[in-house]
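My request is simple: use the sequences and hints to build the entire structure.
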Amino acid sequence: MRKAEIAELILSLFTSRDRAASTVGDLEENTTGRGARWFWLGVFRTASSLFWSSFAAEPLFIASIGFRGLVLNLSCYLVLFICMLVLASVFGLFAGLHFISLSAANSLSLGWVFSLVGRIAVCTVQFQTGRWIARRARDKEMAACAAFLIVQTMVMQIMGEFLFGGRWLGALTSGPHSTAAPITGASLAIDNLMSLIALFSGAIWVRRRFVNDFKFTGI
Amino acid sequence: MSRIPVLGEFEQIVLLAVLRLGDNAYGVTIRTEITECTGREPAPGALYTTLDRLEEKGLLTSRFGDPTPQRGGRAKRYFMVNAAGVKTVAYSQRCYRRLLEGLNLPGVSHA
Numbered sequence: 000m001r002k003a004e005i006a007e008l009i010l011s012l013f014t015s016r017d018r019a020a021s022t023v024g025d026l027e028e029n030t031t032g033r034g035a036r037w038f039w040l041g042v043f044r045t046a047s048s049l050f051w052s053s054f055a056a057e058p059l060f061i062a063s064i065g066f067r068g069l070v071l072n073l074s075c076y077l078v079l080f081i082c083m084l085v086l087a088s089v090f091g092l093f094a095g096l097h098f099i100s101l102s103a104a105n106s107l108s109l110g111w112v113f114s115l116v117g118r119i120a121v122c123t124v125q126f127q128t129g130r131w132i133a134r135r136a137r138d139k140e141m142a143a144c145a146a147f148l149i150v151q152t153m154v155m156q157i158m159g160e161f162l163f164g165g166r167w168l169g170a171l172t173s174g175p176h177s178t179a180a181p182i183t184g185a186s187l188a189i190d191n192l193m194s195l196i197a198l199f200s201g202a203i204w205v206r207r208r209f210v211n212d213f214k215f216t217g218i
Numbered sequence: 000m001s002r003i004p005v006l007g008e009f010e011q012i013v014l015l016a017v018l019r020l021g022d023n024a025y026g027v028t029i030r031t032e033i034t035e036c037t038g039r040e041p042a043p044g045a046l047y048t049t050l051d052r053l054e055e056k057g058l059l060t061s062r063f064g065d066p067t068p069q070r071g072g073r074a075k076r077y078f079m080v081n082a083a084g085v086k087t088v089a090y091s092q093r094c095y096r097r098l099l100e101g102l103n104l105p106g107v108s109h110a
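From first to last, the protein sequence lines are chains A and B.
Quick note, the first sequence lines up with residues 0 to 218 if you use numbering that gives the first Met the number 0.
Quick note, the second sequence lines up with residues 0 to 110 if you use numbering that gives the first Met the number 0.
What the hints contain is simulated information worked out from the structure, not anything from laboratory work.
From the three backbone atoms N, C-alpha and C, an ideal C-beta is built for every residue, glycine too.
It cannot be assumed that every hint is accurate.
What the hints assert, rightly or not - Going by beta-carbon spacing under 10 Å, a handful of chain A positions derived as facing chain B:
| hint | residue |
| --- | --- |
| 1 | 17 |
| 2 | 18 |
| 3 | 28 |
| 4 | 45 |
| 5 | 46 |
| 6 | 47 |
| 7 | 56 |
| 8 | 156 |
To be verified - Residues of chain A placed beyond 12 Å of chain B at every Cβ, according to the derived structure:
| hint | residue |
| --- | --- |
| 9 | 71 |
| 10 | 89 |
| 11 | 90 |
| 12 | 117 |
| 13 | 122 |
| 14 | 150 |
| 15 | 152 |
| 16 | 192 |
Listed below in structure tokens is the structure:
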């Protein structure tokens with residue numbers, strides 16, 4: 000049954016594969032006469048309970064991984080920012096020396112290229128951060144990633160509001176944006192979503208030993 | 000003298016349900032037993048996390064049965080209360096009885 004495989008996949012992010020399978024079997028047995036809505040409610044309530052119990056079992060350990068992950072993440076963003084600055088300076092130098100012509104069309108294209116490269120780089124940093132966190136989380140990967148996100152949001156808010164007036168916050172959390180590509184609310188939301196997906200993908204990549212055996216039939 | 004772990008209310012309920020069910024204690028039957036005895040249906044998430052926690056505390060052991068076609072080829076996870084679990088729940092129940100002495104609560108006998 001396809002829905003059971005998906006449910007097993009979800010639960011195996013929070014517990015071992017055998018336990019996830021057994022729990023899904025129990026929920027299926029209980030679903031008789033209750034419908035799919037009850038089944039999925041059971042799956043998500045179980046997943047959220049397992050997720051929360053990971054936090055509650057070792058809160059200091061999870062929080063420390065979140066903090067250390069943030070230090071690594073910010074260091075990577077700093078290096079990335081310096082590289083983008085150098086690249087922009089080189090382009091500026093070339094334009095100043097008339098090696099390349101900076102017409103309006105060229106500027107727009109360069110802006111989009113920078114923006115794309117920046118987004119790819121940010122996603123790569125988030126993916127690697129997710130992997131780093133998961134390797135240290137000892138079977139509590141999702142809770143550790145969530146702790147990292149909470150710590151990151153808090154620190155970025157503080158930095159943005161009290162140190163940089165909010166303008167650098169978008170650049171640090173969402174990736175460099177070209178001035179030729181105006182920052183819109185939708186664009187920022189998409190960037191944040193991509194960062195989130197990249198972070199959890201990195202964590203799931205490390206945890207894939209639990210999910211590798213799944214064979215989806217025509218999903 | 001080794002310390003006896005402290006049990007929460009729901010942990011005691013789960014242990015007692017597993018004891019009552021004997022060899023047939025797995026997620027579905029434990030949930031049904033608790034519902035019948037207490038009148039409250041426990042949330043699946045609360046039940047499974049409590050079972051995991053009790054196993055980590057060393058009060059329960061679990062084993063996987065054979066996969067069954069009725070469950071889509073998924074095995075049942077059977078639970079058993081071990082000696083430490085019996086000792087712990089018995090201690091908790093003795094504490095409750097000592098606290099009940101001298102009280103006249105409706106529906107509660109002191110036999």
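Taking the hints in turn, this is what the structure says about them:
1. At a threshold of 10 Å, the smallest CB-CB gap from residue 17 of chain A to chain B is about 6 Å, leaving the interface hint in force.
2. A hinted interface residue such as residue 18 of chain A counts as satisfied when its beta carbon comes closer than 10 Å to some beta carbon of chain B; here the least separation is about 7 Å, so the hint holds.
3. Hint status for residue 28 of chain A: holds, given a least beta-carbon distance of 5 Å to chain B, under 10 Å.
4. Given the 10 Å rule on beta carbons, the hint for residue 45 of chain A holds: about 4 Å separates it from the nearest Cβ of chain B.
5. Against a cut-off of 10 Å between C-beta atoms, the interface hint on residue 46 of chain A holds, since the closest Cβ of chain B lies about 8 Å away.
6. Contact between residue 47 of chain A and chain B, as hinted, is supported at the beta carbon level, the nearest pair being about 6 Å apart and thus within 10 Å.
7. Using the Cβ-Cβ criterion of 10 Å, the hint placing residue 56 of chain A at the interface with chain B is satisfied: the shortest such distance is roughly 8 Å.
8. At a threshold of 10 Å, the smallest CB-CB gap from residue 156 of chain A to chain B is about 31 Å, leaving the interface hint violated.
9. Distance check for residue 71 of chain A against chain B: the nearest CB is about 30 Å away, which clears 12 Å, and the non-interface claim stands.
10. Annotated as non-interface, residue 89 of chain A keeps its C-beta farther than 12 Å from every C-beta of chain B; the closest such distance is 55 Å.
11. At roughly 54 Å from the closest C-beta of chain B, the C-beta of residue 90 of chain A stays outside 12 Å, upholding its exclusion from the interface.
12. Listed as a non-interface residue, residue 117 of chain A keeps its Cβ farther than 12 Å from every Cβ of chain B; the least gap is roughly 40 Å.
13. At roughly 32 Å from the closest C-beta of chain B, the C-beta of residue 122 of chain A stays outside 12 Å, upholding its exclusion from the interface.
14. Here residue 150 of chain A stays apart from chain B, with its beta-carbon at least about 24 Å from theirs, past the 12 Å limit.
15. Against the 12 Å criterion, residue 152 of chain A stays outside the reach of chain B, whose nearest CB is about 26 Å from its own CB.
16. No Cβ of chain B comes within 12 Å of the Cβ of residue 192 of chain A; the nearest lies about 27 Å off, and the non-interface call holds.
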